[in-house]
Each structure stands twice: as C-alpha cells, then as structure tokens.
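Protein chains in written order, with our numbering: chain P, 976 to 1155; chain A, 2 to 393.
Note that these hints are calculated values from the structure, not bench results. Hints may contain errors.
Chain P is faced by these chain A residues, among others (derived, beta-carbon under 10 Å) [to be verified]:
(1) Y89
(2) W207
(3) R263
All residues carry an ideal CB built from backbone N, CA and C; glycine is no exception.
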Amino acid sequence: MSGGAERRLPGHYLKSKEMYSLPGLVEYRPVARYLFSAGQAQSRFLDGLKEGKILGKRCPRCGRVYVPPRSYCEYCMAPTSEWVELPGTGEVHTAVVSYISTFRERMEKPEIVAVIKLDAPGYTKGGYEFAGLFHKLCNVEPEDVISGRAIGMRVKPRWRPPEERKGDVNDIECFEPVES
Amino acid sequence: MRPNIHVKNKVAVVGAGLTLFRRRMLETPRELAWEAASMALESAGLTLKDIDCIVIGTAPDAFDGVHLNGEYLADGAGGVNKPTVRVYVGGGTGVFVPIAAWWHVASGLCRTVLAVAEEKMSPAHPHPQGVFAYIWDPVLERPLGPNLIWIFALEMRRYMHKCGAKKEDIALVSVKNKANALDHPAAQAAAKITVEDVLNSEVLVWPVNRLDISPVSDGAAALVLASENEARRITDSPVWVEGVGFTLDNTHWYNRELGYPRYVQYAARMAYKMAGIERPWREIDVAEPYDPFDYKELHHIEGLMLARPCEAPKLLKEGHFNRDGDLPTSPSGGLLGVGNPIAAAGVMKVAELFWQLRYEAGARQVKKPVHRGVAQAWGDLMQAGTVIVLGN
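Model the full assembly from the supplied sequences, consistent with the hints where possible.
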C-alpha cells in the first residue's frame, strides 16, 4: 500500500440517522455509584476550607509546598510532615471563558475558570511548579480574559459564609480581584 | 554521536495499516482492529503465524463502553493464545504502542510484533464529552463541574500569554493540517479552510473555537515491528526505530507552568539520546507532533525542541512547517485533519513517518529528502509524553 493513497480503506461510515436505526442497536446506561475518601492530606485540607483557611504541606527535605496537600513529597518520597497556612492570595496563571457545561450543553451565562498560582511564603522552588488551585473567578469580565488583563491579576478567595461551608472546594465561592 | 545503548536486537517497522477514520462506524471495535491488523500484515507480506507477540493500545474503556477493552480486542488484534498485552497512557497511548512493541523486540523476547490501536468514540452518546467527566479528581475537581475543553483552553490561553501568540497565529495550524489531510485516504475532517473560518466557528471555551479542535472519531491503525534479521528478510526498505522516550508527570496539572510541556521535552531527550541526535531542529527531517488542538502542535514542536520556546508560531507563519517547508509537521493532516480515534490517531502518525521514510506517501510525500522523523503523542491530565524517532 502506497501510504494508502490509492486504496479504499476498510470501514463503513454511518450517518447519525443510520446509527439510530441500526438493527440490534443496544442502548445501555451504566449504573455505578462511588464514595470517595479524600485521604489523609486532603481531608485536613477540606477541614481547613471550612475554617476559611488554605492549608498546604511542606516537604522537610526539599522545601516544596504542596497545595492541594499531598501526604508525601513526589520528588523525595519523604513524608510531608509540616502543615503550613497560606495567605490565600495569589495570581491568575491562566483563565478562560466557558460557554459549555460538563456535558457540552450551551450555557446562558458564561463562566470564567482559572488556574490560581497561590502565594506560598518560603517556597523557593517556585517556577515551573507551584502551589495552586483550579477554581472559578468572579468580578472578572470575559473581556478581561480576552484582552489578557486577567492573566497575572492578583486575586483572593471569596469565602462562603461559615454556616454554608461544607468542607469541600466550593467553600470557596470563587477567587476575585484583590482590589475589589 | 550515538551513545552505546545496549539492546539485543535492532528493531524496524515493516508494515502498516489503517481503517477509515469517521464519526460513526458500523464495525465493532474488534472488527476495526482486525481490519487494520490484517492490512498491516498484508503490507509486510506476513500472516498471523509469522507474528510472535501482540501489543494493543486503546484509551479509556469508557469510550468503547467495554471494560477490559484490551482483552475484548485481543482476537481482532490477532492476540488469541499469543503473548498479548495492552498498554495505556491516555492520549499518549498511540505512540506508546510502537514503543512497547519496540521493547518486546529489542529485548530479544519476540522477533515480530503486531501492534494494534483502536478507538471507537461513537458509542458514548449523545456526545462522548460526558465520558471525560470521570477523568477528574473526584474530591477537588468534579465538584466544580469541569469540562475537558476547559483545561485545553487554560493551557492555550497560558501559551498565548507567555508567547504573545494570537488566535489567528494558532488557527494556521488547523488550516495547514486540514489541507494536508485532503490527500489522506482515511481523512474525516479534511478541508480547505481559512483562518477566518476557524475564528468564526462556534466559541466553546474562549480561546477555543470548534475548528481549533480535532473531531470525535472511530478508527483503528496497526504496525508490524520486527528484529533486524527478520526485517531484512521481510523487506528491502525497513524503517528503523532509532529512539524511544516516554515520561509521566503527576495529575496535578494546575500545579505547573502550562505554557511549556516539560514532560514532552524529557521524553524527547530520552529518544534523541538513544538516536544520537544532538540538534533535533536540524537533524529531524519530518515530524508528526500530536495535534488534538491546533495550539498543541506548536506547544509540542517546542517540547520536541524542533523550535525554541515561543518560536513555533513565527516559523509556522513563514511556512517552515508546510509540506514543502524546511521541517514539515503533520504532513498526514494530523488529528485535526485525518481525525482523532485516540490511540489509533497516534499510530496513524507513526504510520505516516513509515510511509514518508519509504517515499511511499504519494501526494503527501514531503518535498525535502527525508532520513529521520519524529512522532509524538501526549495524554492524560497534561502529563504524558511519548516520543519515537524513526530513520531509513
């Protein structure tokens, strides 16, 4: 075969309608339910969120600060014995405007989603790797993302009121610009 | 200078086969695997009894909708009662399949390997996007209701910011690859389009528009690899595997610089070292970097050290990566043009190098003389790099 160039390749293409009228077509919806434990390090982290704190773990050997916290250092394989409280502030590493939901439905109001590089005093390894979170942004307009104004912006967490916090990532409603 | 790497057998690719890549195919996953595998055997002039071992690649089971997907595919891939293994590193699987086949032969364990990759994304309906919901961390990510395109958009936005690249600079990749695919017989999304078409297509997650993304596909692809002795008996023009490399970073994709894929660079260094390549930007003649999104091709060209960080958009604009350019990239048409049946798409890229290095790519043959090519795939949560260097 000369790169398949002159040969018709095998396989039969179906149009959407043809697919739905195939003989013997079986529709199946898996039913699977899970209970996920957050583990040693993340459980403490989630308790911290409930108290309005962002907690990380420091590796005693290399000094890396992990947020989200890990029980062990990925580079040293040493236990990360020390908990540190971060100030919560940080800068937007990157941000985008989402017009679609998890299942690709069109959303009426777009969401701004970002990676936040958190301030971690004493973390000297920062550069390629950093302590950070994936979250939503508020008080930032799509135009700020498109123009680039939002990238590098100083932000802080907007906490839900203590009585509404449940010990999950949504205890932080979003990150918002520090000056607002 | 070639370092002294001890392998028992030198390994060559001696055959390749593909099915059509399409949005929905009638064939079952194992029928697709069988079609591609038979064609690869036929192109090498071999039959199944000439094959010692089988390597299968397929991405998450959830697409085909069958758990144990490797075992399910085994008969279609020729694996019944043979040493058969399935390998998996998400989107990086496609290039990992010939890498795994390489070590089966290089170690002396097998003389010939049939390497088969298959993916059928159409069973997940109405859209396979929902299947990606289960790759996220259940505790920290799923509660935010993420969409897979988010992370690509976040990475693309970071790359644009870091490199000062504009959306129109990046859209040129989609224009190039879809046009290249017009000459590919398996192609699903080949088209003559303009930068404006990309910019005017539906915005999914800014900066990602619909035409920045490869399509959802069904398809299969296969290769035959053989030890030097066998290869010289099978063909006058074996294509040698000169280097392989693979690396995995962690799943904490939001704990690292998204503007540069360090894990791809590490994998590339490993493969180049084995191949004795010191200046890849001069020593590689043709490349098939992984392009599920248009910016990803640029990102990966830089990770593969075929351009300096942030230099790829400029070289692209100058025509450097065109089929008649100095370093053609994705002359096949890539995932953007040929289609993206995940694991099969990576094998399709390696098959393209095989044909290019044998001067058998027909209308897709690059203009310059070719001695060495590199193919790469990427996968999982911005963490896997798989790289293979082939030479004639």
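Outcome of the hint check:
| no. | hint | verdict |
| --- | --- | --- |
| 1 | Y89 | 20 Å, violated |
| 2 | W207 | 4 Å, holds |
| 3 | R263 | 6 Å, holds |
Going down the numbered hints, you'll see the structure goes against just number 1.
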